[in-house]
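Residue numbers (my numbering), protein chains in the order written: chain A, 1 to 114; chain B, 1 to 110.
By construction, these hints were calculated from the structure, which means they are not laboratory data. From the three backbone atoms N, C-alpha and C, an ideal C-beta is built for every residue, glycine too. Just to be clear, a hint being listed does not mean it is correct.
What the hints assert, rightly or not - Cβ-to-Cβ under 10 Å is the rule here; a few derived chain B residues that face chain A:
id, residue
1, PRO8
2, LEU11
3, GLN14
4, ASN18
5, TYR22
6, SER26
7, TYR35
8, GLN37
9, GLU41
10, LEU45
11, GLN64
12, SER73
13, GLY82
14, GLY85
15, GLY92
16, LYS97
Said to hold, decoys possible - Distance condition first, Cα-Cα at most 27 Å in a straight line; then the derived DSS-like pairs of lysine-lysine:
id, chain 1, residue 1, chain 2, residue 2
17, A, LYS70, B, LYS97
18, B, LYS97, A, LYS57
19, A, LYS53, B, LYS56
What follows is each chain in one-letter form.
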Amino acid sequence: DAGITQSPRHKVTETGTPVTLRCHQTENHRYMYWYRQDPGHGLRLIHYSYGVKDTDKGEVSDGYSVSRSKTEDFLLTLESATSSQTSVYFCAIGRTSGNRDEQYFGPGTRLTVT
Amino acid sequence: TQLLEQSPQFLSIQEGENLTVYCNSSSVFSSLQWYRQEPGEGPVLLVTVVTGGEVKKLKRLTFQFGDARKDSSLHITAAQPGDTGLYLCAGGGGGFKTIFGAGTRLFVKA
């Protein structure tokens, strides 16, 4: 158990509203990630962080922003939610040792944009 | 663009049968991970392979990394209903460079 929690676990929101998802870890890991998972696409990286206030874009970052003001918290914000952002969102922490890149995932947030 | 293709996309078998799922790419990876995901939960890491030709066993699951480090397979012996889930492979080269396949959804009928 990597001590990762996500909140909320479920959310329904209307098109055009801002939404913030929270990821919290208890093990002081440097690397944190936000993914979205959609049928047929697997997991796609939205943004990642390699330290406090150090973040960068992933494969599908348009319409999303992130912040990391503390090691333990990584926030994902949908600035103006659209129906195409309906998805399941997963946060992960990364443990890297040599060639081993292992990620440990939270339980996910199911977001529906109506 | 690196891609990981998994096959088959869906597999439904009877309890006790054997099966193999595949993860293929044209790119070389420094390591490859296999995850299992159950409905409503996040993926859970099963194994990491790092050396070409490496074979790892986890009870009834056998994982193999291709000699050229471009592909991998997962073999399950005598599948059980508890093996039901989505199996994902992921290729690593540095955490934020990890890419995931779309997964193989396995259903084992009792």
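Going through the hints against the structure:
1. PRO8: At about 14 Å, which exceeds the 10 Å cut-off, the nearest Cβ of chain A leaves the hint on B:PRO8 violated.
2. LEU11: violated (16 Å)
3. GLN14: violated (25 Å)
4. ASN18: violated (25 Å)
5. TYR22: violated (15 Å)
6. SER26: violated (17 Å)
7. TYR35: Hint holds; B:TYR35 Cβ to chain A Cβ min 8 Å, cut 10 Å.
8. GLN37: holds (8 Å)
9. GLU41: It holds, given that the least Cβ distance between B:GLU41 and chain A is near 6 Å, below 10 Å.
10. LEU45: holds (6 Å)
11. GLN64: violated (17 Å)
12. SER73: violated (18 Å)
13. GLY82: Not OK, violated: B:GLY82 not within 10 Å of chain A, min 19 Å.
14. GLY85: With a minimum Cβ separation of about 14 Å from chain A (threshold 10 Å), the hint on B:GLY85 is violated.
15. GLY92: Holds, about 3 Å.
16. LYS97: Result: holds, 8 Å to nearest chain A Cβ.
17. A:LYS70 with B:LYS97: holds (23 Å)
18. B:LYS97 with A:LYS57: With Cα atoms ~11 Å apart, B:LYS97 and A:LYS57 stay inside 27 Å; holds.
19. A:LYS53 with B:LYS56: violated (38 Å)
Hint violations for this structure: numbers 1, 2, 3, 4, 5, 6, 11, 12, 13, 14 and 19, all remaining hints satisfied.
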